[in-house]
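Here are the chains, one letter per residue:
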Amino acid sequence: MEYFSYLMATGISTGALYALVALGIVVIYKSTQVVNFAHGEMFMLGGYLGYTFHVMLGWPYLLSFLLAVGAGFVLGLAVDRVAFRPLMQRQTMVSVLLAMIGLSFVLKGVARWLWGGKGDYLSFPPLVSPTPISFGGIMVMSQQLVVLGAACLVMAAFAVFFKFTRAGRFMQATADNPKAAKLVGLRTDRVYMYTFAVGSAVAAAAAVLMAPLTLLYPDIGFALFIKAFAAAVLGGLTSIPGAVVGGFLIGIIEQLAAGYIHSSLQEVAAFVVIMLVLTFIPTGLFGQRRLRKV
Amino acid sequence: MKSTRIIASLATAGVIGFALAAGPVRAQDAQTQGISSNEIRIGAYGPFAGPVYMYGKLAMNGVEAVFDKVNEAGGVHGRKLVLVREDDNCKPEGAIGAVKKLAYDAKVFAIIGGACSNSTLASVPELEKSGIPMVVNSAVADAISDPVRKNIYTTMITSSVESRAQVDYALAKGAKKIAVVRMTDAWAMARWNPLEAYLKAKGITLVEDLELGVDANDATPQALKLKASGADAVILVLYPKPAAVLIRDSLKIGGNPLWVGQTAINDFTAFNKQVGVPGALARFATITSTAYQPTDPEMKDWAERLKKLFPNDELSTFNMNGIGSAQVLVEGLERAGKDLTRDKFLAAMGTIKNFNVDAYAGPITCDSPKSHQCNQAPGWLVLEDGKVVREK
Amino acid sequence: MRHLVGKRAFIVALFGALLLAPSVTNQYQTFVANLILLYIILSLGLNLLIGFAGQLALSNAAMYGIGAYGTGLMMAHFGFPYWAAAPCGALLAMGLGTLLALPALRLSGIYLALATLAFAQFTYWVMTHWTDVTFGAGGFVPPRIDFSPLPVNQEQGIYYLSWILALLLYVVARRAMESPVGRAFVAIRDGEVAAQSLGIDLLRYKSLAFAMSGFYAGVAGALYCGLLGFVGPESFDLLQMILHKGAVVLGGMGSVVGSVIGGTLLTVLVEITKEAKFSIEIAFGGLLVVFVLFQPSGLIVFIRKWLPGWDERLHYVPPGTAPPVQAARTAAAEGDD
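Chains as they are written, first to last, in the numbering used here: chain G, 1 to 294; chain Z, 1 to 392; chain Y, 1 to 337.
Check the hints yourself; a few may be wrong.
[Stated by the list, open to error] Derived BS3-like pairs: lysine-lysine, alpha-carbon spacing no greater than 27 angstroms straight-line:
1) K277(Y) - K80(Z)
2) K387(Z) - K173(Z)
3) K305(Y) - K129(Z)
4) K200(Z) - K173(Z)
5) K129(Z) - K273(Z)
6) K308(Z) - K129(Z)
7) K176(Z) - K227(Z)
8) K277(Y) - K308(Z)
9) K300(Z) - K107(Z)
10) K300(Z) - K80(Z)
11) K305(Y) - K307(Z)
12) K370(Z) - K80(Z)
13) K274(Y) - K80(Z)
14) K182(G) - K30(G)
15) K387(Z) - K150(Z)
16) K277(Y) - K107(Z)
17) K305(Y) - K107(Z)
18) K273(Z) - K387(Z)
19) K69(Z) - K305(Y)
20) K338(Z) - K69(Z)
21) K177(Z) - K227(Z)
[Stated by the list, open to error] Computed Cβ-Cβ distance ranges for the label pairs, DEER-style:
22) D146(Y) - A347(Z): 28 to 38 angstroms
23) G131(Z) - A276(Y): 51 to 61 angstroms
24) D358(Z) - L114(G): 28 to 38 angstroms
25) R149(Z) - A276(Y): 29 to 39 angstroms
26) L276(G) - A276(Y): 55 to 65 angstroms
27) V5(Y) - V82(G): 15 to 25 angstroms
28) E128(Z) - L307(Y): 16 to 26 angstroms
29) A282(Z) - T25(Y): 28 to 38 angstroms
30) A276(Y) - V82(G): 16 to 26 angstroms
31) E304(Z) - E275(Y): 28 to 38 angstroms
32) L114(G) - P363(Z): 38 to 48 angstroms
33) P151(Y) - G203(Z): 52 to 62 angstroms
34) L102(Y) - G174(Z): 55 to 65 angstroms
35) A282(Z) - C152(G): 30 to 40 angstroms
[As the list claims (entries may be wrong)] Covered by chain Z, according to a simulated footprint, are these stretches of chain Y (three or more residues, beta-carbon under 8 angstroms):
36) 177-189
37) 272-281
38) 292-304
Because the hints were derived from the structure by calculation, they are not lab data.
The structure presented is a predicted model; accordingly, all values stated were derived computationally and were not measured.
All C-beta atoms in this analysis are idealised placements derived from N, C-alpha and C, irrespective of residue type, glycine included.
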């Protein structure tokens, strides 16, 4: 029982991170019908920027967190302007995806060039004391609780934003029906821009939260993207609550598979989930089955 | 008609080309390529970027520091040493391509380097075929230098030596229940195979044999299993990052066995930071191929010279691997004499016995033709009163 | 004039030069020339799938690997000679590639891309972990290849074999795309439902597209096994996939001769990037982005503008006339107005 609880505890806290990143993916997808392949790299850059602010420049954690989130926002704006908008106007889906893949490699290479000289894996000092605390008989690292709490806060804030603010409703409208949104006078290209920016900011937040738990390296973007994508697909690419549920599920599945079946499965659980879900329930658990019109 | 004409011309070209290619070997004296009246060109390959770039780029920086010092004193028999670097991306095709490029295109005299075990191992057939002398300084796989090949020497402690040392250390510290946590890539397999064999030879059964991915951010399942098994010594066949994650997660659940590391984890200070839990390394020991830590006073000269050449670098153990191996290379060149050829150099390397270099823990002995593994002396590093010291 | 600068002349000149290469270049440059031939084959195969049939699959590098592993393992485990092992490798890649057609029937666009990517990662995991069969992460050295009774050693034999296969596969691709098969592919790319209503069997043609590209990649893999004399999983990772995509985008999606140009140029560019010690990731990621932004139809469009004799039967529709992404033609499932 203890064994199981430990696995669950870790699964929930890593799941919260996957949920955050998946959230960004789903939000961007809902608005733009494109999965941002470079989302993992935005996460990675957010983390590195947080590192720069907090470790290299020595500024306090909270400030660095906010700055990194802000920087993530700006990065999202930039990516939208420079890469995404021109692509959307001219190209087919295949081309857009290819370009986003290319962009993810460029961002990774840039991160390696800028920060790679410092060593392979950068360590990030924890926000709170690293000694584990007891939580109902299980030891958890306080940072894990911080991550979980912060992630839930971000998700809640996001839900509020989406449902109750004007900007959020604009995004929803554009996602549901871009042409109608345009007709009603919404500046859809602006909405896309902010969607990207918000998605990127959420990813940056996730990164700075996660950085003390793990170590930063340039390839972390893709590794996380695959898992977050698995989460998004499991939950349903069109469903925001689905992304959250999917994230937690993937985190838990990974831990249980590694703990009970074989430790090598930790790496591959996400891929198997993707393949199974896409083969048998392509719309995921909560996604809507959209009609194909010709 | 058009097609037949095309086919005919292509066929003719083919025959001509083939005849030329299969013709007599072009006059190329491989024995002295890369040597001019005032220069000896030495090649190097390894990763310039990526997670293991320290074994490539940083080691090469160390080599250049030695070359710089030697050149300041007039070079080897009046010839200055020049390093030609190639990036192998830590991949087999990269290494094979790098060897081909260095041997046939850049035409260097010898190669020093080889960082990633997997890629270096893949390049061995090409090295043998070209006959170019090779001094391996970072890759640890035994198969690179064993069986003995005429033109390949290694100055890095090999995996089998380290794996055996890890088991012996655990036993010496009184461990009764030994467990292993390992990665599954080529580097780890090169260590695991001799480790497994040695355990069998000693009649030891592991209480746990676990895998951990090199990219793992979490090792809770592994930590839980280790605790459940009651292991009192855990042999780590891991890179620093997964090892840090494992130790951290184990401490979280209250497991604290003896952790036995190896040369991949030899930068204590950095590792301590990566684990991030104070006091975590109280029961951690690791192997070092180098005699000193980068901050020791004995290394001050090298630290300064390195800083002069590469202002962004801080002296690290990876540089020191480069320094040690380069010193051995230079010794071989010196002994070969002014009339330098490949064969003479290789023979000279084989005569090196009990040679002390600044960086390595023990004396270098290349026992040619029995063994081309010149460095058999692992040292152990532990934390004592917060300071990293070599255990006696 | 057409005959001097047209497509045919270019192919003759290129293949002629490649044929002569081993006799005039040093061993390293010959190695690079051999890589050019391999990337021509890879690019041809991938273009059939992505450029002509419009199926965005990210599994090509995995197919490449399966071809190499299939060939090498047949030689290492069962002692097959190369001429028997290589077809095994190619056919294995073809078979597994065809299996991917099944999810392709239900998925498209990003879903297909990620399903095939998951498959590719899974293949990598198998290569690394199924140690009993695949020798694990360290890879393995297959036995030397004996080309007797032909008077060539392994290097020369693989080179000329690559040359013959590249030329052959180019002709096959060209003929196929000029036939009804090509037209069916393009119909599927441009509108699946419309294609179905014209009586085009999606399963048959999608399977064919996956099978062909799997076969091409498998052949290239078999040759790669012989070229390197080593097979290991790291050669078949994401970076490899980016290079394949780059070759297709560079030359021109939906153009057979464009694939040849793309494959050749890509290899040359990789060499230049390595020489300049510049980051391959930034270079080729950037290449993809720039080309997709400005000229996704590849260099072939420029060439067509300035030189006669480069027309191909199935022209790729220039991007300016493509409808915006919201009404994308190959969408998984989306609402529309």
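Do the hints match the structure? See the list:
no., hint, verdict
1, K277(Y) - K80(Z), "24 angstroms, holds"
2, K387(Z) - K173(Z), "20 angstroms, holds"
3, K305(Y) - K129(Z), "48 angstroms, violated"
4, K200(Z) - K173(Z), "19 angstroms, holds"
5, K129(Z) - K273(Z), "44 angstroms, violated"
6, K308(Z) - K129(Z), "38 angstroms, violated"
7, K176(Z) - K227(Z), "14 angstroms, holds"
8, K277(Y) - K308(Z), "22 angstroms, holds"
9, K300(Z) - K107(Z), "35 angstroms, violated"
10, K300(Z) - K80(Z), "24 angstroms, holds"
11, K305(Y) - K307(Z), "55 angstroms, violated"
12, K370(Z) - K80(Z), "32 angstroms, violated"
13, K274(Y) - K80(Z), "26 angstroms, holds"
14, K182(G) - K30(G), "16 angstroms, holds"
15, K387(Z) - K150(Z), "42 angstroms, violated"
16, K277(Y) - K107(Z), "19 angstroms, holds"
17, K305(Y) - K107(Z), "43 angstroms, violated"
18, K273(Z) - K387(Z), "14 angstroms, holds"
19, K69(Z) - K305(Y), "58 angstroms, violated"
20, K338(Z) - K69(Z), "19 angstroms, holds"
21, K177(Z) - K227(Z), "11 angstroms, holds"
22, D146(Y) - A347(Z): 28 to 38 angstroms, "33 angstroms, holds"
23, G131(Z) - A276(Y): 51 to 61 angstroms, "29 angstroms, violated"
24, D358(Z) - L114(G): 28 to 38 angstroms, "33 angstroms, holds"
25, R149(Z) - A276(Y): 29 to 39 angstroms, "33 angstroms, holds"
26, L276(G) - A276(Y): 55 to 65 angstroms, "44 angstroms, violated"
27, V5(Y) - V82(G): 15 to 25 angstroms, "37 angstroms, violated"
28, E128(Z) - L307(Y): 16 to 26 angstroms, "47 angstroms, violated"
29, A282(Z) - T25(Y): 28 to 38 angstroms, "59 angstroms, violated"
30, A276(Y) - V82(G): 16 to 26 angstroms, "24 angstroms, holds"
31, E304(Z) - E275(Y): 28 to 38 angstroms, "32 angstroms, holds"
32, L114(G) - P363(Z): 38 to 48 angstroms, "42 angstroms, holds"
33, P151(Y) - G203(Z): 52 to 62 angstroms, "55 angstroms, holds"
34, L102(Y) - G174(Z): 55 to 65 angstroms, "58 angstroms, holds"
35, A282(Z) - C152(G): 30 to 40 angstroms, "35 angstroms, holds"
36, 177-189, "violated (count 0)"
37, 272-281, "holds (count 4)"
38, 292-304, "violated (count 0)"
In this structure, the hints that do not hold are numbers 3, 5, 6, 9, 11, 12, 15, 17, 19, 23, 26, 27, 28, 29, 36 and 38, in rising order.
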